[in-house]
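Q: Work from the hints to combine the two standalone chains into their complex.
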Amino acid sequence: MPEQTIIQTSEVRKVYGMGEISVAALDGVSISIQEGEFVAIMGPSGSGKSTLMNILGCLDRPTDGHYILDDEDVSDLDKTELAAIRSRQIGFIFQSYNLLSRTTALDNVKLPLIYNRDNKVSPEERVEIARRKLEAVGLGDRAHHQPHELSGGQQQRVAIARALVNDPVLILADEPTGNLDTRSGEDIMNLLHELHEDGRTIVMVTHDHEIAEHTQRTIHLRDGKVEKVIKNGKKHAPRNRKGGSK
Amino acid sequence: MSPSEFLRVAWESIYRNKTRSLLTMLGIIIGVAAVIIMIGISAGTEAAIEEEITGLGTNLVFVNSTFSRGGSGGGTSGMTGGLVYDDGFAIADEVIGVAGVTIEQGSTATIKASGVVLEGVSILGTTPDFPSVRDIELDTGRYFKQQEVDQKQKIAVLGSSLAEELFGDDDPIGQVITVDTTKLTVIGVFEEKGMVGDVDYDNRLYLPITVVFQKFTPSQFAKFRGDRVRVIYVEVDADANLDDVILQIELLLAKRHDVSLESPDFSVTTQQDIIKTQEATTAAFRSLLAWVAGVSLIVGGIGIMNIMLVSVTERTREIGIRQSVGATPNDIRWQFLTEALLLSLVGGLIGVFVGVGGAWLFGWASDMRTVIIPSSILLAFVSAAVVGAFFGFYPANKAAQLDPIEALRHQ
Ligand SMILES: Nc1ncnc2c1ncn2[C@@H]1O[C@H](COP(=O)(O)OP(=O)(O)OP(=O)(O)O)[C@@H](O)[C@H]1O
Ligand SMILES: [Mg+2]
Numbered sequence: 001m002p003e004q005t006i007i008q009t010s011e012v013r014k015v016y017g018m019g020e021i022s023v024a025a026l027d028g029v030s031i032s033i034q035e036g037e038f039v040a041i042m043g044p045s046g047s048g049k050s051t052l053m054n055i056l057g058c059l060d061r062p063t064d065g066h067y068i069l070d071d072e073d074v075s076d077l078d079k080t081e082l083a084a085i086r087s088r089q090i091g092f093i094f095q096s097y098n099l100l101s102r103t104t105a106l107d108n109v110k111l112p113l114i115y116n117r118d119n120k121v122s123p124e125e126r127v128e129i130a131r132r133k134l135e136a137v138g139l140g141d142r143a144h145h146q147p148h149e150l151s152g153g154q155q156q157r158v159a160i161a162r163a164l165v166n167d168p169v170l171i172l173a174d175e176p177t178g179n180l181d182t183r184s185g186e187d188i189m190n191l192l193h194e195l196h197e198d199g200r201t202i203v204m205v206t207h208d209h210e211i212a213e214h215t216q217r218t219i220h221l222r223d224g225k226v227e228k229v230i231k232n233g234k235k236h237a238p239r240n241r242k243g244g245s246k
Numbered sequence: 001m002s003p004s005e006f007l008r009v010a011w012e013s014i015y016r017n018k019t020r021s022l023l024t025m026l027g028i029i030i031g032v033a034a035v036i037i038m039i040g041i042s043a044g045t046e047a048a049i050e051e052e053i054t055g056l057g058t059n060l061v062f063v064n065s066t067f068s069r070g071g072s073g074g075g076t077s078g079m080t081g082g083l084v085y086d087d088g089f090a091i092a093d094e095v096i097g098v099a100g101v102t103i104e105q106g107s108t109a110t111i112k113a114s115g116v117v118l119e120g121v122s123i124l125g126t127t128p129d130f131p132s133v134r135d136i137e138l139d140t141g142r143y144f145k146q147q148e149v150d151q152k153q154k155i156a157v158l159g160s161s162l163a164e165e166l167f168g169d170d171d172p173i174g175q176v177i178t179v180d181t182t183k184l185t186v187i188g189v190f191e192e193k194g195m196v197g198d199v200d201y202d203n204r205l206y207l208p209i210t211v212v213f214q215k216f217t218p219s220q221f222a223k224f225r226g227d228r229v230r231v232i233y234v235e236v237d238a239d240a241n242l243d244d245v246i247l248q249i250e251l252l253l254a255k256r257h258d259v260s261l262e263s264p265d266f267s268v269t270t271q272q273d274i275i276k277t278q279e280a281t282t283a284a285f286r287s288l289l290a291w292v293a294g295v296s297l298i299v300g301g302i303g304i305m306n307i308m309l310v311s312v313t314e315r316t317r318e319i320g321i322r323q324s325v326g327a328t329p330n331d332i333r334w335q336f337l338t339e340a341l342l343l344s345l346v347g348g349l350i351g352v353f354v355g356v357g358g359a360w361l362f363g364w365a366s367d368m369r370t371v372i373i374p375s376s377i378l379l380a381f382v383s384a385a386v387v388g389a390f391f392g393f394y395p396a397n398k399a400a401q402l403d404p405i406e407a408l409r410h411q
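These protein sequence lines are chains H and R, in that order.
Its first residue numbered 1, the first sequence is counted upward by one per residue in this note's numbering.
Its first residue numbered 1, the second sequence is counted upward by one per residue in this note's numbering.
The shape of chain R in the complex, shown without the other chains (with noise of 0.2 Å):
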């Protein structure tokens, strides 16, 4: 019997019983559509991610503090070490080659607005550099000066989303908004940004950092060694050696703090280490995915077992007849292969339409990102051809051991 012929019954196999061939291929078809479309947002939200990382400007280093660790509002703990407000302003006087320097400093806070109250809404004192490191612009209104921050202005800037919560429709500019129990006047509200890992820059209230010292975090340790920060966001000159001003921050800190660069109480990061570290969570991300593949698969390819050992059953008189006419061993087995294989080729295909479609489909609908992979459809079909093979073959092995006469009788 030739291949063609193989190929002719299993179809007319497959195609007479549409309904059990479809739910079979079920198995497959999730698979394999599920591979393409999370492999597709995998991909996307990574490029997204590089891209927005970029986007913040290429030449930013970040300082981070490496013994407080978030513990600014520790009270009189952690005496030594980390990073300190006026390390900010040393480094933007006395390193060569910096654009500008912004610290941040969060918290959360309930903010109360004309009749509107917001819980657990996440606020940021920053300094006035901060939208040109950060690469972010303003809507209306306008930022706070360095004079203002020095002079603890009780004013604020919304991000976009809050102040639409806030205010709806109306100007929110000079509206006095209340954050715990400071009051603050809006300056300005700042254009779309959206998320850039996954912070919400759209829903944050920006305030001098000095307000955020005072009111928010209060610490003792403030006193005697200054308000103690947890990053310093550098942005380096365009043209200027990236290597060489971290360099110069390592041994400017190393001498405010009295240490020594072998065990400092910071550490000193670029978009690139963000970046790999990024891509180290994708890598695990992928293998995650791969897992989630290989058991839809295998479950897949168990649902085609079963399906083709029903179809045996079932088919028994017909091979009986088959062989009655001189199938040899070999041409039942390869009929019931074919079958198996074209089953999960089919679904393996169905499965890269509704994939590719699904990929589509939520990058579309969603604001995630999402990116076929060519790779990755071959990949899934691939697959799921080794699935049909592999778990098409105990059953055509089955039906290809028969005995004629046996299966003739069956009714």
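Okay, chain H solo, but in the shape it has when bound (with noise of 0.2 Å):
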């Protein structure tokens, strides 16, 4: 049976500004993600791999290419599809977490099946899946605190378990572990490998060569463009589409 691809651009350019001073942060960039597989995007500050995140999650739109995300070209949906691509295929962590102030972890880990409209959950059963969510990452007891007070480990997460809640097909990290200490790092990048032994398909930009190496793949950027693709030591996860643990 052929592998599922989950990702694949063609020629993927976004062009910043106009004219004399437009910066191309990515140019033409062809990459291709199976279904499963844990991939590091690495590259020098400025390469492109934010933007490179951002498009293949639906918060951008390349300046030119083709973007197919799970068999369906999304590189010309307007705001508001691209706004349900990322409420139904999409979980993205980000470096600073990015968890809504004065909100519980709950109601954080909450917030995507509100905004669900393919699988409308009663309010009662998005706190019963929420609250599974949080147990899952080891929260279960710290369900009802708000983000300062929480340690960035802890922070982080909550992000992962409200990334995990819609049951995406791609789990996008832009430096999951960027703002953590070592030993909270060593604890998230745990928690995304179980996700990948689970089925998942995991995207993860990371400075951390350790950290890329224990996955299957690194794709290297340099000035918007593909440097080279390197494969790691990490194996492919059991074919298991969504992991199956919802």
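No lab work stands behind these hints: they were computed from the structure.
Some hints could be false.
Each computed EDC-like pair below joins lysine to aspartate or glutamate, with the alpha-carbon atoms no more than 20 Å apart [as the list claims (entries may be wrong)]:
| no. | chain 1 | residue 1 | chain 2 | residue 2 |
| --- | --- | --- | --- | --- |
| 1 | R | K398 | H | D60 |
| 2 | H | K120 | R | E5 |
| 3 | H | K79 | R | D265 |
| 4 | R | K154 | R | D171 |
| 5 | R | K398 | H | D78 |
| 6 | H | K79 | R | E406 |
A: This is the structure:
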């Protein structure tokens, strides 16, 4: 059985500004990522890693080229359609967690369910699902804590629970350990590896070679172009779409 | 996102910034409360005036001089036209269906009594029918008789608050007061009557009209045609036909003044005419209120728009987070629109309570009456909602159009 391709970009360009001062943050990026893969993206600062992640996460649209996500060309969708894709297919994890302040961990995890229009769940079910996801990241006892009452590592785990709550086909993490000390960073990486082993597809930006080496592949970017792709040690996860654990 | 979710998020945001929300709502609160209080006062005043006018006796007819308005003291000017004192007696004697006639002639004077000096007191010369036609009763003493009027007796009856000011707790009956230079003996005091229209019945001095003609508004004209008067009040018998009586009066006066009915030097009006004028005035007042209400609601709306714009800026990052997990532009638009609507509706609700309470308090603390008109509450509330939606739209749209990445980058 052929592998299912989740991400397929062809000649994706992203140009900021216009005319003389325009900057091509991405300059013809063609990559393809299979279902169940754990891929790291590396590259010097300013090489276009975040720009690529934002496009892969449907937060942004390419200036040129095509992006096919899970068999659907999403390059030319409008804002509302992109929002629907984000809600349905993507779990985004940010370097700076991006949790709603003055909002409990539980409510933060619930948030994507509120905007999910394909899979309507009752408010009671939402709480139940969110609680299970929090337990899955080991924060069952912190459900009613607000972000400022949690450590960085804990906040990032809440963010991971939130990314999982709509059961996305793709998890994107832009330097998820960038703001964390080594210990909490390791915790987060362990969590991501667990998710991968459950069958999730993960694309992660990192500056840490050691972390990258534990993934399956590393895509190196430089000046908005793919410089090289390196195979790493990790094995492909068993084929088990969306991880099955809900 | 469901409407209940929008409401919950909006409420949380309003509740979280209690002070700011309250200050924002202040414009709407004041606008709505002001509308309700002012409509309440205007409706109450209207009702009170109508009641008081009717209380004077529904069968009151006013005969006004149209040529010599207020000109009784005008010396030799205006030799022709206008009502004279004797017209009153003629109406009383010759018109069928008249219960009473009173003539009034006013002026102002300085009154001195028992060491108290009051300046600019309004004095009113009247005839014996005055208490009955004007529906006012004596508290102590008596009113003057026709004979005393004819004889120009130097006597006076005091309004209740005037008596109080001049004599305090002492009995005014039999006391002598000096009005300008004329000495008058007090023979009676009216009971409290209050304001009718803009006239304070209690703060006046009543004396025989002949004394007023002689001492306070002397006129050359009086020597050959009789003393000129401005108004004659005619009380019509309850069972007489009002139109019939009016016609008789008109014919009689036209004959006496030797004028045609097409160009009379007098006019005859009834209570109904006065109520109609009153209604026109109230209508004008109402439209003024509508402007006041409109302006305060618009100011309130601008306040809401302002604070919503601040809120959108402050919560840019929150908007970005919501967008990143799947909120559509419409979700964001509705979230902020709901918040603006809720702000104005809660403001409107508080305004209704403040307004109803304020109107009640006002009616209780002052002697003015206030009436709460249910439709005014509805009107105020609906306007608040419309204002919220209108002024909330621009900030909500602004929020909806934010770019997710830029919003997330916002600090
Ligand atoms: N909104 C923007 N407007 C203009 N230029 C931008 C914008 N966003 C990114 N860029 C430019 O695009 C290029 C790539 O930026 P990007 O954020 O993708 O880099 P990165 O690889 O994520 O870097 P880092 O490792 O520092 O996060 C940079 O040169 C940056 O200046
Ligand atoms: Mg970056």
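Q: Are the hints correct? Go through all of them and say.
A: Comparing the hints with the structure gives:
Proximity of R:K398 to H:D60 is assessed by CA-CA distance (about 18 Å); at most 20 Å being required, the pair is judged to hold. The hinted pair formed by H:K120 and R:E5 meets the criterion: a straight-line CA distance of about 13 Å does not exceed 20 Å. Between H:K79 and R:D265 the alpha-carbon distance is near 81 Å, which puts this suggested pair outside the 20 Å criterion. Among the hinted pairs, R:K154 with R:D171 is consistent with the structure: their alpha-carbon atoms are about 19 Å apart, no more than 20 Å.
At roughly 17 Å between alpha-carbon atoms, R:K398 and H:D78 fall within 20 Å of each other, so this suggested pair holds. For the hint linking H:K79 to R:E406, the alpha-carbon distance of about 14 Å falls within 20 Å, and the restraint holds.
Comparing the model with each numbered hint stated earlier shows that hint 3 is the single one that does not hold.
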